[in-house]
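K.L.:
With the hints as your guide, set chain B onto chain A.
There are 2 protein chains.
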Amino acid sequence: MDSALSALIAELPEGTVVTDPDILASYRQDRAADPAAGTPLAVVRPLRTEEVQSVMRWATANHVPVVPRGAGSGLSGGATALDGGIVLSTERMRDIAVDPVTRTAVTQPGLFNAEVKKAVAEYGLWYPPDPSSYEICSIGGNIATNAGGLCCVKYGVTSDYVLGMQVVLADGTAVRLGGPRLKDVAGLSLTKLFVGSEGTLGIVTEVTLKLLPAQYRGCTVVASFDSVSAAADAVVTITGKIRPSMLEFMDAVAINAVEDKLKMGLDRDAAAMMVAASDDRGAAGREDAEFMARVFTEHGATEVFSTDDPDEGEAFIAARRFAIPAVEAKGSLLLEDVGVPLPALADLVSGIEKIAAQHGLLISVIAHAGDGNTHPLIVFDPSDAAMTERANTAFGEIMDLAVGLGGTITGEHGVGRMKLPWLAGYLGPEVMELNRRIKTALDPDGILNPGAGI
Amino acid sequence: MDSALSALIAELPEGTVVTDPDILASYRQDRAADPAAGTPLAVVRPLRTEEVQSVMRWATANHVPVVPRGAGSGLSGGATALDGGIVLSTERMRDIAVDPVTRTAVTQPGLFNAEVKKAVAEYGLWYPPDPSSYEICSIGGNIATNAGGLCCVKYGVTSDYVLGMQVVLADGTAVRLGGPRLKDVAGLSLTKLFVGSEGTLGIVTEVTLKLLPAQYRGCTVVASFDSVSAAADAVVTITGKIRPSMLEFMDAVAINAVEDKLKMGLDRDAAAMMVAASDDRGAAGREDAEFMARVFTEHGATEVFSTDDPDEGEAFIAARRFAIPAVEAKGSLLLEDVGVPLPALADLVSGIEKIAAQHGLLISVIAHAGDGNTHPLIVFDPSDAAMTERANTAFGEIMDLAVGLGGTITGEHGVGRMKLPWLAGYLGPEVMELNRRIKTALDPDGILNPGAGI
Numbered sequence: 001m002d003s004a005l006s007a008l009i010a011e012l013p014e015g016t017v018v019t020d021p022d023i024l025a026s027y028r029q030d031r032a033a034d035p036a037a038g039t040p041l042a043v044v045r046p047l048r049t050e051e052v053q054s055v056m057r058w059a060t061a062n063h064v065p066v067v068p069r070g071a072g073s074g075l076s077g078g079a080t081a082l083d084g085g086i087v088l089s090t091e092r093m094r095d096i097a098v099d100p101v102t103r104t105a106v107t108q109p110g111l112f113n114a115e116v117k118k119a120v121a122e123y124g125l126w127y128p129p130d131p132s133s134y135e136i137c138s139i140g141g142n143i144a145t146n147a148g149g150l151c152c153v154k155y156g157v158t159s160d161y162v163l164g165m166q167v168v169l170a171d172g173t174a175v176r177l178g179g180p181r182l183k184d185v186a187g188l189s190l191t192k193l194f195v196g197s198e199g200t201l202g203i204v205t206e207v208t209l210k211l212l213p214a215q216y217r218g219c220t221v222v223a224s225f226d227s228v229s230a231a232a233d234a235v236v237t238i239t240g241k242i243r244p245s246m247l248e249f250m251d252a253v254a255i256n257a258v259e260d261k262l263k264m265g266l267d268r269d270a271a272a273m274m275v276a277a278s279d280d281r282g283a284a285g286r287e288d289a290e291f292m293a294r295v296f297t298e299h300g301a302t303e304v305f306s307t308d309d310p311d312e313g314e315a316f317i318a319a320r321r322f323a324i325p326a327v328e329a330k331g332s333l334l335l336e337d338v339g340v341p342l343p344a345l346a347d348l349v350s351g352i353e354k355i356a357a358q359h360g361l362l363i364s365v366i367a368h369a370g371d372g373n374t375h376p377l378i379v380f381d382p383s384d385a386a387m388t389e390r391a392n393t394a395f396g397e398i399m400d401l402a403v404g405l406g407g408t409i410t411g412e413h414g415v416g417r418m419k420l421p422w423l424a425g426y427l428g429p430e431v432m433e434l435n436r437r438i439k440t441a442l443d444p445d446g447i448l449n450p451g452a453g454i
Numbered sequence: 001m002d003s004a005l006s007a008l009i010a011e012l013p014e015g016t017v018v019t020d021p022d023i024l025a026s027y028r029q030d031r032a033a034d035p036a037a038g039t040p041l042a043v044v045r046p047l048r049t050e051e052v053q054s055v056m057r058w059a060t061a062n063h064v065p066v067v068p069r070g071a072g073s074g075l076s077g078g079a080t081a082l083d084g085g086i087v088l089s090t091e092r093m094r095d096i097a098v099d100p101v102t103r104t105a106v107t108q109p110g111l112f113n114a115e116v117k118k119a120v121a122e123y124g125l126w127y128p129p130d131p132s133s134y135e136i137c138s139i140g141g142n143i144a145t146n147a148g149g150l151c152c153v154k155y156g157v158t159s160d161y162v163l164g165m166q167v168v169l170a171d172g173t174a175v176r177l178g179g180p181r182l183k184d185v186a187g188l189s190l191t192k193l194f195v196g197s198e199g200t201l202g203i204v205t206e207v208t209l210k211l212l213p214a215q216y217r218g219c220t221v222v223a224s225f226d227s228v229s230a231a232a233d234a235v236v237t238i239t240g241k242i243r244p245s246m247l248e249f250m251d252a253v254a255i256n257a258v259e260d261k262l263k264m265g266l267d268r269d270a271a272a273m274m275v276a277a278s279d280d281r282g283a284a285g286r287e288d289a290e291f292m293a294r295v296f297t298e299h300g301a302t303e304v305f306s307t308d309d310p311d312e313g314e315a316f317i318a319a320r321r322f323a324i325p326a327v328e329a330k331g332s333l334l335l336e337d338v339g340v341p342l343p344a345l346a347d348l349v350s351g352i353e354k355i356a357a358q359h360g361l362l363i364s365v366i367a368h369a370g371d372g373n374t375h376p377l378i379v380f381d382p383s384d385a386a387m388t389e390r391a392n393t394a395f396g397e398i399m400d401l402a403v404g405l406g407g408t409i410t411g412e413h414g415v416g417r418m419k420l421p422w423l424a425g426y427l428g429p430e431v432m433e434l435n436r437r438i439k440t441a442l443d444p445d446g447i448l449n450p451g452a453g454i
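Note that the protein sequences, when read in sequence, are chains A and B. Be aware that the first sequence starts at 1, since it is given in the UniProt record's numbering, and climbs by one per residue. Be aware that the second sequence starts at 1, since it is given in the UniProt record's numbering, and climbs by one per residue.
For the record, the hints were derived by calculation from the structure and aren't laboratory data. Keep in mind that the hints are not guaranteed to be accurate.
Claimed, not checked - Listed next, the in silico DSSO-like pairs over lysine-lysine satisfying Cα-Cα at most 30 Å (straight line):
#, chain 1, residue 1, chain 2, residue 2
1, A, K210, B, K117
2, A, K241, B, K117
3, A, K117, B, K210
4, A, K241, B, K210
In isolation and in its complexed conformation, chain A is listed as follows:
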């Protein structure tokens, strides 16, 4: 293997292949911190598609598994290193070109989501998908997981904004799929197939994104409830009538964790808090905000606050975004991502409460409520083996609960390695077989991110 690796090192520009053990150690895990992570043979940090092709040709010839990695912010362990494998990090692939005329951006995968947003904003344009981690997650990783965020309730997910891509396949072939055309139905929808494939089918080295005109900064409505089910009922009433641009949920644990840190006067006694927004312009947005405030009140909100000051609204949205780090201050997190059809949201949250009580665990639930996509945050101490085991048990039980309610094991974080044991049970044997057939057709030797995704 050493001599094989030397050949790769020689083929690529100096500094592209890293074998320093300290650096390798820092690429073993993503944010999921999978304890089973291996130590890679090397980390490769290419700049260009051609270099990615070299890596894949080499990997195919030498039967070496390759784990693609964006910014390492993944929460399902999709970028967990394998012993003796390559970690292919796209972090240095950072070019972007914005075309305001076609309203598209062509970007390499290494830019952070926030950097893409910033680059297109200079042209008065907007890239909607906004994972809470948008300042530290890469656009390539967003594509790998089909990432969502807070805006999805109105603006959809990453897949809805990917018009085309360049992908390097397992054997090193580079292909271009789609492009800056808003409609194109020639051939199979391969662009959409690669979005969300978690690096198991190919490595995205360039992507063409659809952009929208800048978002209008509208109205925000914040409401506190003394019951989770009342808040959940309000969600269904709202989404049945209007299209809010945000409809977020925090439970009591999250409210208090955020208040501990930000001291912004959140209601510590509330069982649930909703942060809702409308980005419709002018009177229409105010009308929607009034409607949401009325629905919250009718569903028994103990406090309702509305504002058409965007900065004031942004403070509450930032509070919601801050929920994960705030709860993380209480211990390590196992971060869940289950989703259910909207009417099952209240049952999901109360079921999670039961699981928490049963295992003596603190589990905080935050949710993109308008999508039925929740993030139960399981707090545990990794140095406490018994507690870690209870946390892992709860992690699985929450997925089983969601599936039992007609939901999914992952709404936007991806399957990675952490959720793979539950995938076959969720999809069923026939759909699992269909996934495998496509995987085998595109990566017959199974060298792309084996053990993750599918």
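P.N.:
Okay, now just chain B, sitting in the frame of chain A:
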């Protein structure tokens, strides 16, 4: 074969399998009227998924090709019958259930697009995709082709509204993909892969659609131009700034053909007419309409008409929808569907004019201009062999022209059989090979719609 067919007839409910030669003849072609269409062995009109499974199991066992067919309104020959094959028509599969709480509809493939719209409208909901043929095209066919329409410039295409489906695979296995969950990233994006696959990967027997709250009936702006490029430039200026809900183009031939029939006072001397709309509510929509009217004027429009009376606006939209039948009154049509990036729209239209002049043909161009998706209508007399040949030549030249401008050979009608000869040239050998690998992985015997789509 006769005895094999008898077994299928015996297995399915009475009347499901049709072998009457007159009826078979009416299922040979779709609206593309492919002269090379064969005569099927039988037409099968199932009611249930289980019956589709029986057909596919039988077809696999007997190596008989199966051509899935929706309403037969396809314009690329995707439902062209094969000699000795089965035409599997989904026309009798017409159940629909709307769930206003999850804002989804579960529908069988046989309903017309307009029927789906009507069924969900009863709940105050809206299914956006709106091919011009929405009154005569089936939702199953829409999914097979990833159909678009007039609303796509703001609301996207069919794929954006398909959350899940039931599909019967080549071997008769029925699988459920996705479901009524707005976010779900577990496993590969198979739902999206099947949308637009033109019956080559499986037969969709049920689909879960995402719905929106009812559309607001906003403002309409109509403008006439004495130059196509001025109209095209206006399009780019508009889409760079706002999100119109419609941005449609008609050329002089279409304007006059529609005026011949509808006598609504369209400007017969205009080189181009734009029909634009905004469905933003209240002042925002009026503001957008004023902006579009101003842009049209600044780009030299000879006449601009704005209205916030939805019925008045609807008359112009109906005129645009009527363009295809109106031009069809002049002869048979070869209906093109090429798309280009927006800045190339004017070059595409002028290139088509040259092709028309060169071959002595009448070619009218209508377009979903905001998407860069055009429908050149090549008028010809099928009883005139020389003219038919010239029309076919022009058909190919228009695709070559579009591809040369960075465009696609089909924006929303699909490849079918008519465009298949151009597919490999457009996609290139590597992407074509990728398509074939997936096709082979899912339909190893190649019995699903062979010769169409991919």
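K.L.:
May I ask which of the numbered hints given earlier this structure violates, with the numbers listed in increasing order?
P.N.:
none
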